[in-house]
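Novice: Each chain, letter by letter, is given below.
2 protein chains.
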Amino acid sequence: MAESLRRRLPLLLLLLLAAGGLRAAERSGGGSSSAMEELATEKEAEESHRQDSVSLLTFILLLTLTILTIWLFKHRRVRFLHETGLAMIYGLIVGVILRYGTPSTSGHDKPFSCSQEDRPFTTLLVNVSGKFFEYTLKGEISPGKIHNVEQNDMLRKVTFDPEVFFNILLPPIIFHAGYSLKKRHFFRNLGSILAYAFLGTAVSCFIIGNLMYGVVKLMKLVGQLSDKFYYTDCLLFGAIISATDPVTVLAIFNELHADVDLYALLFGESVLNDAVAIVLSSSIVAYQPTGENTHAFDAAAFFKSVGVFLGIFSGSFMMGAVTGVVTALVTKFTKLHCFPLLETALFFLMSWSTFLLAEACGFTGVVAVLFCGITQAHYTYNNLSVESRSRTKQLFEVLHFLAENFIFSYMGLALFTFQKHIFSPVFIIGAFVAIFLGRAAHIYPLSFLLNLGRRHKISWSFQHMMMFSGLRGAMAFALAIRDTATYSHQMMFSTTLLIVFFTVWIVGGGTTPMLSWLNIRVGVDPDQDPPPTNDSFQVLQGDGQDSARRNRTKQESAWLFRLWYSFDHNYLKPILTHSGPPLTTTLPSWCGLIAHCLTSPQVYDNQEQLREEDSDFILNDGDLTVTYGDTTITANGSSGPHTATTNLDSRRTKSSSEEALERDLGAADHEVTSRGTRLVFPLEYNA
Amino acid sequence: MAESLRRRLPLLLLLLLAAGGLRAAERSGGGSSSAMEELATEKEAEESHRQDSVSLLTFILLLTLTILTIWLFKHRRVRFLHETGLAMIYGLIVGVILRYGTPSTSGHDKPFSCSQEDRPFTTLLVNVSGKFFEYTLKGEISPGKIHNVEQNDMLRKVTFDPEVFFNILLPPIIFHAGYSLKKRHFFRNLGSILAYAFLGTAVSCFIIGNLMYGVVKLMKLVGQLSDKFYYTDCLLFGAIISATDPVTVLAIFNELHADVDLYALLFGESVLNDAVAIVLSSSIVAYQPTGENTHAFDAAAFFKSVGVFLGIFSGSFMMGAVTGVVTALVTKFTKLHCFPLLETALFFLMSWSTFLLAEACGFTGVVAVLFCGITQAHYTYNNLSVESRSRTKQLFEVLHFLAENFIFSYMGLALFTFQKHIFSPVFIIGAFVAIFLGRAAHIYPLSFLLNLGRRHKISWSFQHMMMFSGLRGAMAFALAIRDTATYSHQMMFSTTLLIVFFTVWIVGGGTTPMLSWLNIRVGVDPDQDPPPTNDSFQVLQGDGQDSARRNRTKQESAWLFRLWYSFDHNYLKPILTHSGPPLTTTLPSWCGLIAHCLTSPQVYDNQEQLREEDSDFILNDGDLTVTYGDTTITANGSSGPHTATTNLDSRRTKSSSEEALERDLGAADHEVTSRGTRLVFPLEYNA
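If you're matching them up, the sequences are chains A and B in order.
Counting from 1, one number per residue, gives the positions in the first sequence under my numbering.
Counting from 1, one number per residue, gives the positions in the second sequence under my numbering.
You may find that some hints are simply not true.
It does not matter which identical chain is used: a pair holds within one copy or between any two.
Stated by the list, open to error - In silico DSS-like cross-links for lysine-lysine, where the CA-CA straight-line distance does not exceed 30 Å: (1) LYS304 <-> LYS43; (2) LYS228 <-> LYS217; (3) LYS228 <-> LYS43; (4) LYS304 <-> LYS228; (5) LYS304 <-> LYS217; (6) LYS74 <-> LYS457; (7) LYS217 <-> LYS335; (8) LYS335 <-> LYS420; (9) LYS74 <-> LYS220; (10) LYS304 <-> LYS74; (11) LYS332 <-> LYS43; (12) LYS304 <-> LYS335; (13) LYS332 <-> LYS74; (14) LYS420 <-> LYS228; (15) LYS457 <-> LYS420; (16) LYS332 <-> LYS217.
Hints listed in this document are in silico derivations from the structure and should not be mistaken for laboratory results.
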């Protein structure tokens with residue numbers, strides 16, 4: 001780990017950074033040296049710059065090619081290969097060309113030794129025939145590898161610093177995930193999602209870790225292991241590989257309009273378990289027992305790790321939430337929405353600052369960014385102007401798209417250009433078995449437990465689909481490549497790469513057959529709940545039945561969620577956005593003055609006219625952003641085109657948060673034409 | 001110059017880069033070293049990473065603050081200070097705080113000397129008590145400055161590598177400038193703009209260079225010069241400071257809707273002269289006479305420099321144009337417009353690849369990006385889907401906004417945090433006088449010459465305004481900070497900084513008074529030509545007068561432009577976009593097959609219905625994109641609300657490119673409501 005951290009700096013996100021006021025000065029001073037020598041160095045430097053451009057160009061052309069092929073695939077409705085799988089294939093091809101096609105010219109970097117005492121300095125001044133040159137520390141090299149320093153120039157150029165992934169490519173991906181969470185279905189399944197993400201990931205990590213430790217023991221027995229491989233390494237592998245990324249599956253779900261609850265479960269789980277996996281792996285790395293026996297179990301160190309986990313997770317969560325809330329307040333109390341450009345820029349900067357703030361405080365930027373995204377979507381989004389809403393959505397969509405495809409094509413490339421692969425068949429087979437078992441041990445028992453409490457059960461077909469969708473993607477890769485210093489880490493990295501390839505291609509290609517095999521409905525209108533064909537569907541309309549529906553919805557939702565919802569609806573939304581009931585009605589009367597200050601004038605208007613502005617959604621796939629304006633209830637069981645029925649009179653009679661809850665839960669989040677509330681049905685239609 | 005080029009790599013645009021497959025390996029190898037020492041180093045590294053985050057955060061908070069204040073200013077309609085001026089002020093304040101508020105702790109970087117022979121290696125391996133560490137060359141340090149290496153850590157952190165400006169911040173600014181050129185007025189004034197940009201910049205550079213050489217001679221005489229200052233340095237200063245950047249003036253023009261031709265002249269000149277200044281300064285740097293007398297005049301070296309100028313400029317131009325054309329072809333011949341996200345991503349990647357391609361070929365990326373932007377706006381834009389049009393526009397608008405404000409706030413910061421300022425009062429005063437004279441010697445004589453050929457003369461008030469608007473901004477700063485190794489360059493940098501401050505604040509604040517003092521019209525509808533109040537305005541309507549108008553328009557336009565226009569309209573547009581006349585009608589008959597293949601089916605439809613789709617505009621300020629659909633002529637001299645008059649019958653009778661030219665020239669580019677063609681008047685209304 002150590003020194004390499006120092007090199008995060010030039011990467012620190014888009015702009016960055018910056019090692020020093022010095023730099024400007026160090027350019028070789030004008031006329032003092034012999035012109036010829038200077039020219040030679042300059043030529044060399046230019047050559048290097050040119051190579052950098054070429055290598056980056058390679059990636060850009062790769063991405064361009066990927067985009068064009070994706071278009072072709074989408075155009076022809078090919079679904080067996082997702083864009084990320086495609087990006088990997090192109091990456092592989094370029095990797096092969098670079099590896100075997102380019103001459104292995106060794107660089108002009110001639111290693112030079114001179115001895116020093118004590119620990120290394122970060123800056124060296126070297127006197128070369130009277131002139132002084134400054135050198136900076138890059139890191140330690142193990143003695144055996146000194147002669148490996150010379151290698152193919154081009155291969156080296158296309159190898160990125162691993163921290164690029166964490167500091168530049170992951171944040172937009174994760175932020176976009178948070179920002180595009182479909183709130184309705186996400187919150188309705190919040191309890192299950194949290195259980196899968198936290199408990200599930202922990203279980204999976206522990207099981208995979210232990211199984212792999214068995215495999216490692218076996219390898220040692222057979223004599224297949226040539227270096228150390230500790231139990232903590234195995235656990236780390238478990239944490240790394242527990243980060244699922246069903247990007248392929250979700251893309252197909254989106255395209256086929258597969259079941260929305262399943263979508264919410266999978267998406268929510270994958271988003272949150274990325275966060276859990278990151279923090280979990282940091283905690284495992286932080287597990288350092290004191291004393292002699294550095295790799296045995298130590299209760300103190302273990303609890304320290306647990307503490308680290310809780311600390312980092314909650315800290316990052318807070319950071320994200322706080323920046324989101326600050327942005328919401330700023331956009332609420334200024335009239336920035338008159339200037340969409342300023343608004344978008346502010347939104348972008350605030351979201352970025354979350355990352356930096358978290359990193360500066362020692363938390364995890366990527367995790368903070370996720371929660372920031374969720375907060376922004378939940379509060380700030382309501383305050384933005386219409387133009388800024390689409391701008392921010394589109395901006396992050398493009399960033400997300402580019403970053404994701406870049407990572408996947410880089411993965412393909414890395415299989416051939418990465419210099420220190422260690423492929424151990426036993427370990428690889430063991431890992432595949434372990435992730436299968438780990439996923440199974442996490443999905444089925446947890447689903448069983450959750451189903452005890454859930455009214456709307458998670459059916460077997462859903463469980464199988466979740467089991468099947470345990471792909472590994474960008475996050476696992478980024479975690480694995482972060483540290484490839486030791487033998488064990490290198491083996492873990494190579495294995496992770498293969499697992500990603502395998503799952504993305506096979507599972508990605510198999511999603512559509514699997515869906516039909518498991519009889520999971522496709523072509524569902526996202527607003528619509530389970531179909532009426534095989535159950536006790538009832539069209540509830542009018543005021544009397546409305547209250548019946550309300551009660552069911554109430555029972556349906558988790559109590560935790562209801563608690564949170566009413567707090568959110570009565571206090572947070574009115575404080576942070578232009579929607580919700582006025583604080584003057586929800587806060588106790590002695591808070592009158594504060595309530596009055598915090599409530600924006602629009603709220604009173606909203607109260608009069610449309611009270612529902614708090615439930616607009618950011619669609620993941622669509623182009624529409626709906627601010628639905630009414631408590632309309634449309635129950636429609638027919639599969640034909642449906643029209644919305646508007647209950648104009650119900651509008652003025654209700655005002656409690658419970659009702660708003662239903663409205664939110666049932667709010668249309670897709671089509672403007674079906675501006676209605678859908679019912680929530682207590683039924684399993686596929687069990 | 002030399003070694004520092006090597007460090008362009010970590011900066012090479014948003015993502016990157018990446019010095020080496022090595023890196024992953026150099027992390028200090030696991031269990032072999034004593035845990036305590038490793039922990040210490042890791043702590044240190046984390047500390048450094050944290051500081052990086054803090055310093056970047058500083059900038060982001062600065063930008064956030066700037067945005068909020070800009071909003072306040074716009075809200076209150078304050079015009080005396082532009083956002084860039086504001087960003088500089090905030091930068092200054094933070095600079096003062098960092099400089100005087102933070103303790104001047106020297107880092108842990110203890111310089112260490114060990115001598116080496118020959119020229120320096122790029123990589124050093126150092127043996128520290130048995131462990132090997134790798135160091136990379138940062139650059140040369142002049143012997144006198146060895147003890148200055150220790151300095152305030154925080155100051156160093158907030159100092160960016162100068163190449164960041166060239167490789168990350170300038171490209172989006174310049175691309176956006178090219179992409180948002182208002183085509184109509186730009187092309188109508190193309191000849192004048194080119195003259196101002198090329199001749200003007202060369203004249204200005206030469207005059208300023210010579211005047212400054214006089215000042216330097218004087219300083220030497222008085223004994224104010226403590227180091228060498230060559231004639232080439234003076235010329236370089238001339239080139240650097242000739243890059244005008246009237247961002248403030250243009251923003252105010254936009255807001256007040258000042259005269260569009262003046263806007264086009266100023267904007268066009270500033271955009272192109274940035275390109276000229278960059279290439280000019282590279283050529284001057286490339287001027288290296290051989291033999292002993294390295295700073296005297298040498299004809300061979302001079303012509304080599306001229307060759308370098310022409311080579312780089314035309315090469316960069318070609319690169320930009322070619323990538324633009326390729327993008328246009330790709331977007332034309334694929335149905336990518338069904339997937340706006342893919343389209344936008346492709347557009348972004350192709351535009352970025354221009355930069356890299358140019359850099360890889362040894363041309364200037366920033367210049368290539370400019371011409372790429374213009375080409376994209378002229379051709380590709382027509383092929384994009386409506387959503388992608390707004391997406392790309394908004395994406396680059398946000399990037400441009402952030403980059404520009406970042407540069408300006410950095411400038412403010414640099415005044416205090418840059419460590420090697422040399423402020424010489426004589427030089428500074430001389431520079432102010434020189435840029436004034438240089439601008440005057442460039443605007444007035446050139447305008448006089450241009451007016452000989454122009455029908456629509458550049459009035460005195462326009463000339464005064466252009467003289468007044470010679471602000472210096474981001475480009476001058478980026479050019480000046482690029483090389484601050486020698487005494488002369490440091491002095492030039494400090495002076496440039498002061499000139500930027502002064503011009504942005506004073507000129508920015510004085511624009512509105514100046515406009516009214518010079519009687520330049522404001523509140524002009526961009527489509528509208530000079531007002532009818534004080535000249536021989538005639539309402540031309542009907543078919544007969546239409547042809548009279550046509551002839552005038554013809555005379556009005558430069559012959560070069562007419563030539564280009566007819567080629568562009570008849571061949572390029574039909575080949576590259578979905579608009580223009582079908583190639584089957586414009587190409588000779590023996591090209592029939594090719595013509596048929598290249599013409600998209602839409603063109604025939606367009607031909608039937610609306611033939612004018614080739615003249616949509618990208619508006620710089622507005623939110624509307626207009627594809628005007630008719631050859632309507634609306635002449636309206638009244639200042640009241642006007643309605644469009646449609647000549648439906650004229651539509652079918654004309655088809656030559658000459659007519660299309662008029663239509664384009666006269667096309668409305670702002671309001672959909674005034675869907676008409678404005679007349680071009682051969683008159684000076686303010687002379």
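Novice: For each hint, tell me whether it holds in the structure or not.
Specialist: Now for the hints, and whether the structure bears them out:
1. LYS304 <-> LYS43: between (53 Å within a copy, 17 Å between copies)
2. LYS228 <-> LYS217: Cα proximity of LYS228 and LYS217: one copy only (11 Å, versus 71 Å across).
3. LYS228 <-> LYS43: between (45 Å within a copy, 25 Å between copies)
4. LYS304 <-> LYS228: within (24 Å within a copy, 62 Å between copies)
5. LYS304 <-> LYS217: within (27 Å within a copy, 70 Å between copies)
6. LYS74 <-> LYS457: For LYS74 and LYS457, the Cα distance exceeds 30 Å both inside one copy (34 Å) and across copies (54 Å).
7. LYS217 <-> LYS335: neither (64 Å within a copy, 56 Å between copies)
8. LYS335 <-> LYS420: Neither: 55 Å inside a chain and 42 Å across chains, both beyond 30 Å.
9. LYS74 <-> LYS220: neither (48 Å within a copy, 71 Å between copies)
10. LYS304 <-> LYS74: Result: close neither inside a copy nor across copies, 50 Å intra and 52 Å inter.
11. LYS332 <-> LYS43: neither (55 Å within a copy, 40 Å between copies)
12. LYS304 <-> LYS335: neither (47 Å within a copy, 57 Å between copies)
13. LYS332 <-> LYS74: between (40 Å within a copy, 17 Å between copies)
14. LYS420 <-> LYS228: Within one copy only: 16 Å inside, 51 Å across.
15. LYS457 <-> LYS420: Neither, since 47 Å and 70 Å both go past 30 Å.
16. LYS332 <-> LYS217: For LYS332 and LYS217, neither the intra-copy (59 Å) nor the inter-copy (60 Å) Cα distance is at most 30 Å.
This entry does not satisfy hints 6, 7, 8, 9, 10, 11, 12, 15 and 16, going by the numbered hints stated previously.
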